[in-house]
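One line per chain: the protein sequences are A and B, in this order.
Mapped onto UniProt numbering, the consecutive letters of the first sequence carry residue numbers 1 to 547.
Mapped onto UniProt numbering, the consecutive letters of the second sequence carry residue numbers 1 to 547.
Note that these hints are calculated values from the structure, not bench results.
Predicted model only: the values in this text are computed from it and were never measured.
Just so you know, not all the hints are guaranteed correct.
Identical chains share a label here; the pair holds if one copy fits it or two copies do between them.
[Unchecked claim] Dumping the calculated DSSO-like pairs for lysine-lysine here, alpha-carbon to alpha-carbon at most 30 angstroms:
1. Lys217 to Lys393
2. Lys541 to Lys354
3. Lys439 to Lys337
4. Lys430 to Lys150
5. Lys541 to Lys484
6. Lys171 to Lys414
7. Lys428 to Lys150
8. Lys200 to Lys103
There are 2 protein chains.
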Amino acid sequence: MSYCVLRSKSAGYSYLFVPGLHKTISMSSLKMIGGVVASRRLSGKALRSQSAELSVLLAQNKFTNLRTMASKAVTMENINPNIVKLEYAVRGPLVTRAGEIEKELLKGASKPFKRVIKANIGDAHAMGQVPITFIRQVLSCVTYPENIDKSDFPEDVKQRARDILNACGGKSVGSYTMSHGIEMIRRHVAEYIERRDGHKSDWNNVVLVGGASNGIKNCLQLFINDLDGKPSGVMIPIPQYPLYSASLAEYGLEQIGYYLDEDKQWGLDSAELERSLTEGSKHCNVRAIVIINPGNPTGQVLTRENIEAIVKFASEHNLFIFADEVYQDNVYAEGSKFFSFKKVMTEMGEPYSKMELASFMSVSKGYMGECGLRGGWMELVNFDPDVKANLFKAISAMLCPSSLGQAAVDCVAKPPAPGEASYDLWLKEKTSVLQSLDKRAKMIAETFNQMEGFKCNIVQGAMYAFPQITMPPKAIEAAKQAGKAPDVFYAFQLLENTGICIVPGTGFGQRPGTYHFRTTILPQPALLQEMLDIFKGFHEKFTKEYS
Amino acid sequence: MSYCVLRSKSAGYSYLFVPGLHKTISMSSLKMIGGVVASRRLSGKALRSQSAELSVLLAQNKFTNLRTMASKAVTMENINPNIVKLEYAVRGPLVTRAGEIEKELLKGASKPFKRVIKANIGDAHAMGQVPITFIRQVLSCVTYPENIDKSDFPEDVKQRARDILNACGGKSVGSYTMSHGIEMIRRHVAEYIERRDGHKSDWNNVVLVGGASNGIKNCLQLFINDLDGKPSGVMIPIPQYPLYSASLAEYGLEQIGYYLDEDKQWGLDSAELERSLTEGSKHCNVRAIVIINPGNPTGQVLTRENIEAIVKFASEHNLFIFADEVYQDNVYAEGSKFFSFKKVMTEMGEPYSKMELASFMSVSKGYMGECGLRGGWMELVNFDPDVKANLFKAISAMLCPSSLGQAAVDCVAKPPAPGEASYDLWLKEKTSVLQSLDKRAKMIAETFNQMEGFKCNIVQGAMYAFPQITMPPKAIEAAKQAGKAPDVFYAFQLLENTGICIVPGTGFGQRPGTYHFRTTILPQPALLQEMLDIFKGFHEKFTKEYS
Chain A
1 MSYCVLRSKS AGYSYLFVPG LHKTISMSSL KMIGGVVASR RLSGKALRSQ SAELSVLLAQ
61 NKFTNLRTMA SKAVTMENIN PNIVKLEYAV RGPLVTRAGE IEKELLKGAS KPFKRVIKAN
121 IGDAHAMGQV PITFIRQVLS CVTYPENIDK SDFPEDVKQR ARDILNACGG KSVGSYTMSH
181 GIEMIRRHVA EYIERRDGHK SDWNNVVLVG GASNGIKNCL QLFINDLDGK PSGVMIPIPQ
241 YPLYSASLAE YGLEQIGYYL DEDKQWGLDS AELERSLTEG SKHCNVRAIV IINPGNPTGQ
301 VLTRENIEAI VKFASEHNLF IFADEVYQDN VYAEGSKFFS FKKVMTEMGE PYSKMELASF
361 MSVSKGYMGE CGLRGGWMEL VNFDPDVKAN LFKAISAMLC PSSLGQAAVD CVAKPPAPGE
421 ASYDLWLKEK TSVLQSLDKR AKMIAETFNQ MEGFKCNIVQ GAMYAFPQIT MPPKAIEAAK
481 QAGKAPDVFY AFQLLENTGI CIVPGTGFGQ RPGTYHFRTT ILPQPALLQE MLDIFKGFHE
541 KFTKEYS
Chain B
1 MSYCVLRSKS AGYSYLFVPG LHKTISMSSL KMIGGVVASR RLSGKALRSQ SAELSVLLAQ
61 NKFTNLRTMA SKAVTMENIN PNIVKLEYAV RGPLVTRAGE IEKELLKGAS KPFKRVIKAN
121 IGDAHAMGQV PITFIRQVLS CVTYPENIDK SDFPEDVKQR ARDILNACGG KSVGSYTMSH
181 GIEMIRRHVA EYIERRDGHK SDWNNVVLVG GASNGIKNCL QLFINDLDGK PSGVMIPIPQ
241 YPLYSASLAE YGLEQIGYYL DEDKQWGLDS AELERSLTEG SKHCNVRAIV IINPGNPTGQ
301 VLTRENIEAI VKFASEHNLF IFADEVYQDN VYAEGSKFFS FKKVMTEMGE PYSKMELASF
361 MSVSKGYMGE CGLRGGWMEL VNFDPDVKAN LFKAISAMLC PSSLGQAAVD CVAKPPAPGE
421 ASYDLWLKEK TSVLQSLDKR AKMIAETFNQ MEGFKCNIVQ GAMYAFPQIT MPPKAIEAAK
481 QAGKAPDVFY AFQLLENTGI CIVPGTGFGQ RPGTYHFRTT ILPQPALLQE MLDIFKGFHE
541 KFTKEYS
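This is chain A alone, in the form it adopts within the complex (with noise of 0.2 angstroms):
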């Protein structure tokens, strides 16, 4: 059960050699037909000249064997296309080899560098950010409940604890909870909407999820669909976070770009909006806008008023928004302040305040930082009911999200009020983390801007800076020898020589001709400096080899 492509030497195309078919495919006809098709019918008892045919082709020297495969039932000839299209740089070829040189170190290889920084992703508790408290406290009681009676906890630790446990069918944490999570914690997450916004949130429209790419994948499902022969198109920052590039390829629904304005500190300009959905209802319908605020890659807190562009903008497109709000705590610039799409649609009134929305929300990120946890949740606002009911039966297949990360949702919905138990500490960690954060915010694009050829917007918020970087022209010769952008080539260049793992601009989309890379800012301020001092010298010799 095998088969061979085959290239013809005379004209220069491309052969499947089925044998026991008794003919050549044309590598279109094998697409069409799949690598299945073919073999299936070679199974059995067809199969049996294979080799002697294969021989013979190949004698007469018209064909080149490219290469022979086991037919397979899943091959990358018949796998789902878009899997093969869909990429996500946060966890690509670069860091899967800054962790093969983590093994490498561990084996003693000698490298100029004697550990690998993975400033690729917004984890922090790997960079050595201590978990709340207050949250491992009650997940401690949950998941074990005699430490309720038997532990030294506080006593709101232990009434929280109680109070999952009995929104827990049996009491237990090892139960299913409703599909769109307990009920309890959603009531508590409408509550904290309400204290964030000052607008009323109904709890039927919180789900729970686990972790917000779960909801933004759900909510993109629906718009799954081939009208008028068209498909849907969704309109994303470039920058972008790559979860949704990737997530578009794999439905097949368009990607539409619009750029953000580094001129601007990544702000979203009208004009360019306008571009943007212009050229992209060429080839499909527009249906939906993603935003991302506070930014990832990009780092910039939207302000109110350009807010209230991107929701006339929809409204007057009938866009269903996407707001990614999943740094809505991460917040450093003097001035820079989070306002939340509901809330400033609701204050625009109608037609705006009847637009439909999805925001999302994480425990991954914020001052909390479980990211392993998987907890998050998504608001959804002016919803079809009959839309709704669809996205909720979706859901129900999938059975749940963890209750623990649910459990942690409740903690960081309703924190330690003042005057509980746990309130003064949960504060103060609290607040350690998000000062530091600052600090290392402002740290970081400070000395960046100090480098040559770098460029680097303010990070008002979220947890990376995006820099710019000036490439010199050798560079980019040098890259395109290695068949490499640019900006993957300095990356792969920086981690080889120095352990230092970021994410090119490649991964998130830029202008062309512009070269950018995403930072996290999370190690810890001592590493942070290291690891910008050993990125200073790395880049000073880069240029001096490459100019």
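Could you slot chain B onto chain A? The hints should help.
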């Protein structure tokens, strides 16, 4: 911004009236153009005369106004049609109604019963099963590492917690893990599989997942493709677990049902497999086969001979095998034994030992019943390396499964060993759960078989009975009147009259003209006895009423 669906009184077909567009559009065109496209043309300035125009048309008395809709960005007209098709009966309308009844009871409603018994879902802890201490002590330590020093937990618990934390970034379960899971735990799973099967398992082929459903969907997704203009098809058993029908609908994959043989203890028959494949091949490329063993909802445990026949069939037709083996620990009947597909395939030698297979396992079932933690794994056997790389890439965009779900997987894959401090208690707890399930499995089948009009196969394994019921013709008529399938009608009657929530056979599929339902065997013995007594009484009354 609204539009109306009008029905022409003379022609008997519907129009979409779009104010501002100055024309009506037939329903088929509406489907083509989508509400959004139409309503987008409406937005802004074009909208002034809408109500005037509408009144004119209605005044001409040619149309009935079927409904006026706000032109949402996502409507039932332009939503992903696959999401509308998707059904998941285990959490369907019956379960929603059960939840409402629970709330009504809480509010003091007078009902002929005092509580709802949820026998609809395999949710062990919710039905009173006690968590395994070892798992929970480990979780309590990894979430709050101070417990390692401060608690009086056994030494092996503390060591396990240390091992898991050492395998986490920053020694915190709040860090992201690798997308396919923590390496140490993947190695432990491979060792578990080796002990189970007596054959090599490569930890690189083990992927940790947030519940088996996630893994199953990840693999099903590989098959989305239109080769030769035909969609891919996947063979699934009828009756089946509705995650499969739901996911196939969601992905636009064709569901090719093969009937299990109720008279042969729900075994598989090669002739039926061939019939199903031949039938399915007419309109799609059949590329994979799903087997659930032990069976859900049917409770059978396949014999080794049966598995061999399936493997041969799959090999002959080059089908990828999905082996849903999440109930591998749940085998009760004398003479029944669990054989993994991988073990059987391996021992059959080539070409069978080279076939592609994905096997799924979960911490939600077995003796653990930790549904809420969302932990599981899949073993990917004989994958094309490029296909595997693409699957891993797709998984990476979702970051990682819950670290705490993974910690639970570790405790299941590597339970306490003889001689270790937790071993005796762990064995006692495990044995007690499995023995009790064994007793309940027998009790439920015996009771059903004593009831008139019931026929129930032995529950050899898993957590469910799937009895057949004879429906009196008058009941079938009454169901028709109520617009319900007869088994759905029966299940609703049962729920409203007794508070017992089961899932009708329609949700799983059954041979036309037969009626079944699925009930779990999970209520604790006393409650199960009570449930069966109530059930018996209801069934007698129901039969009398409709005879």
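Against the structure, the hints come out as follows:
1. Taking the closest pair of Cα atoms, Lys217 and Lys393 come within 30 angstroms of each other both inside a single copy (15 angstroms) and across two copies (16 angstroms).
2. Taking identical chains as interchangeable, the C-alpha atoms of Lys541 and Lys354 are never at most 30 angstroms apart, the minima being 56 angstroms within one chain and 51 angstroms between chains.
3. Taking the shortest alpha-carbon separations for Lys439 and Lys337, only the intra-copy value of 17 angstroms comes in at or below 30 angstroms, while the best inter-copy value is 62 angstroms.
4. Taking the shortest alpha-carbon separations for Lys430 and Lys150, both the intra-copy value of 27 angstroms and the inter-copy value of 25 angstroms come in at or below 30 angstroms.
5. In this homomeric assembly, Lys541 and Lys484 come within 30 angstroms of each other (Cα to Cα) only inside a single copy, at 20 angstroms, whereas the closest approach across copies is 76 angstroms.
6. Taking the shortest Cα distances, Lys171 and Lys414 sit within 30 angstroms of each other both inside one copy (20 angstroms) and across copies (26 angstroms).
7. Both within a single protomer and between protomers do Lys428 and Lys150 lie at most 30 angstroms apart by alpha-carbon distance, with minima of 26 angstroms and 24 angstroms respectively.
8. Only between protomers do Lys200 and Lys103 lie at most 30 angstroms apart by alpha-carbon distance; the minimum there is 24 angstroms, versus 52 angstroms within a single protomer.
Violated hint for the displayed structure: number 2, the only one.
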